[in-house]
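*Asks:* With my numbering, the residue at position 175 of the sequence shown is 175, and numbering never jumps.
Simulated from the structure, these hints should not be mistaken for lab results.
Take these hints with a grain of salt, some might be off.
What the hints assert, rightly or not - In silico DSS-like pairs for lysine-lysine, Cα to Cα no more than 30 Å straight-line: (1) 249 x 266; (2) 266 x 195; (3) 238 x 269; (4) 178 x 266; (5) 211 x 122; (6) 272 x 238; (7) 178 x 272; (8) 272 x 242.
Predicted, not measured: the structure shown is a model, and the values here were computed from it.
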Amino acid sequence: MQYGFVIEGGDVHAISDLSAEAESAGWDGVFIADALAMEAENFPAFPWFDPWVVLAAMAMRTKRVRIGTIITPVPRRRPWKLARETVTLDHLSHGRLTLGVGLGAAEFDGGFYKVGEAMDLKVRAQRLDEGLAVMTGLWGGSPFSFNGEHYSVQQMTMLPPPVQSPRIPIWVAGVWLKPNSMERAIRWDGIIPQKYKSMDRLTPAEVQELKQFIDEHRAQTTPFDIVVGGQTPSGNRKQAVKKVGPFEKAGATWWLESTMTSSWDKLEKRIKQGPPRPD
Numbered sequence: 001m002q003y004g005f006v007i008e009g010g011d012v013h014a015i016s017d018l019s020a021e022a023e024s025a026g027w028d029g030v031f032i033a034d035a036l037a038m039e040a041e042n043f044p045a046f047p048w049f050d051p052w053v054v055l056a057a058m059a060m061r062t063k064r065v066r067i068g069t070i071i072t073p074v075p076r077r078r079p080w081k082l083a084r085e086t087v088t089l090d091h092l093s094h095g096r097l098t099l100g101v102g103l104g105a106a107e108f109d110g111g112f113y114k115v116g117e118a119m120d121l122k123v124r125a126q127r128l129d130e131g132l133a134v135m136t137g138l139w140g141g142s143p144f145s146f147n148g149e150h151y152s153v154q155q156m157t158m159l160p161p162p163v164q165s166p167r168i169p170i171w172v173a174g175v176w177l178k179p180n181s182m183e184r185a186i187r188w189d190g191i192i193p194q195k196y197k198s199m200d201r202l203t204p205a206e207v208q209e210l211k212q213f214i215d216e217h218r219a220q221t222t223p224f225d226i227v228v229g230g231q232t233p234s235g236n237r238k239q240a241v242k243k244v245g246p247f248e249k250a251g252a253t254w255w256l257e258s259t260m261t262s263s264w265d266k267l268e269k270r271i272k273q274g275p276p277r278p279d
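Start from the sequences, fold in the hints, and give me the full structure.
*Replies:* Shown next, in the form of structure tokens:
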């Protein structure tokens with residue numbers, strides 16, 4: 001299992017410093033959110049920064065850790081611009097980018113409903129599928145064209161291709177037991193599993209069922225990540241390892257530590273404690 005840390009909001013000047021500290025502390029990845037505004041009764045206003053600018057700074061401060069977004073709502077992105085941004089970051093990081101993608105938060109993502117973006121989840125799903133097809137097609141570095149319901153590209157060649165081959169890894173947010181969502185996720189390089197209309201995370205038993213589903217239904221033989229996460233105890237490494245262990249045993253390949261806090265001292269302390277990796 002590999003271990004990543006998700007840094008959300010906060011001080012834009014400190015994020016790249018924290019990513020360097022995470023690398024020194026033994027984490028395998030550092031990820032940031034891609035959001036405009038999240039607003040709901042149980043989700044107060046929170047500071048967000050442009051992920052591509054911040055990731056560029058992180059790429060220049062680190063040498064080993066993977067960097068990326070958790071998650072980019074592709075349906076409100078122009079896929080050709082996203083292709084250019086991700087390739088640029090893959091080169092800046094010397095091939096360390098991982099792209100987490102999804103539909104966007106269904107009910108309280110102000111980056112959709114406050115600016116006139118599509119709220120219908122079927123439309124978003126279509127845009128996600130087409131957007132990924134366009135983006136990865138342009139990554140190929142060869143003449144590419146596309147004609148879909150939402151996007152069209154006349155034949156063009158976008159250079160350079162990514163550093164990573166066959167492509168930049170794509171993790172897809174997938175709703176466990178929703179057929180269309182699961183079928184989409186297993187076509188790519190990893191899944192960030194979610195529950196339908198629930199903020200609850202999958203249990204180790206559910207992760208084991210998910211792993212079995214992937215083994216039975218995924219046609220490709222390329223590596224595939226199961227990305228789970230949560231919050232482990234700060235200051236108690238033994239308990240942190242104990243919490244994560246059952247997920248690794250169930251088949252998860254990444255644990256993402258997510259500590260949404262306004263206290264950068266607490267965040268830095270948890271990063272320096274290091275990942276919940278068993279001895």
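*Asks:* If a hint holds in the structure, say so; if it doesn't, say that too.
*Replies:* A quick look at each hint next to the structure:
The hinted pair formed by residue 249 and residue 266 meets the criterion: a straight-line CA distance of about 29 Å does not exceed 30 Å. The straight-line distance between the Cα atoms of residue 266 and residue 195 is roughly 29 Å, inside the 30 Å bound, and the hint therefore holds. Among the hinted pairs, residue 238 with residue 269 is consistent with the structure: their alpha-carbon atoms are about 16 Å apart, no more than 30 Å. Between the alpha carbons of residue 178 and residue 266 the distance comes to roughly 37 Å, so the proposed pair goes past 30 Å and is violated.
For the proposed pair residue 211 and residue 122, the alpha carbon gap of about 26 Å is at most 30 Å, so the pair holds. This hinted pair checks out: residue 272 and residue 238 have alpha carbons roughly 15 Å apart, not beyond 30 Å. The suggested pairing of residue 178 with residue 272 is violated, with an alpha-carbon distance near 38 Å, which exceeds 30 Å. In summary, the hint linking residue 272 to residue 242 is supported, as the alpha carbons are separated by about 19 Å, within the 30 Å threshold.
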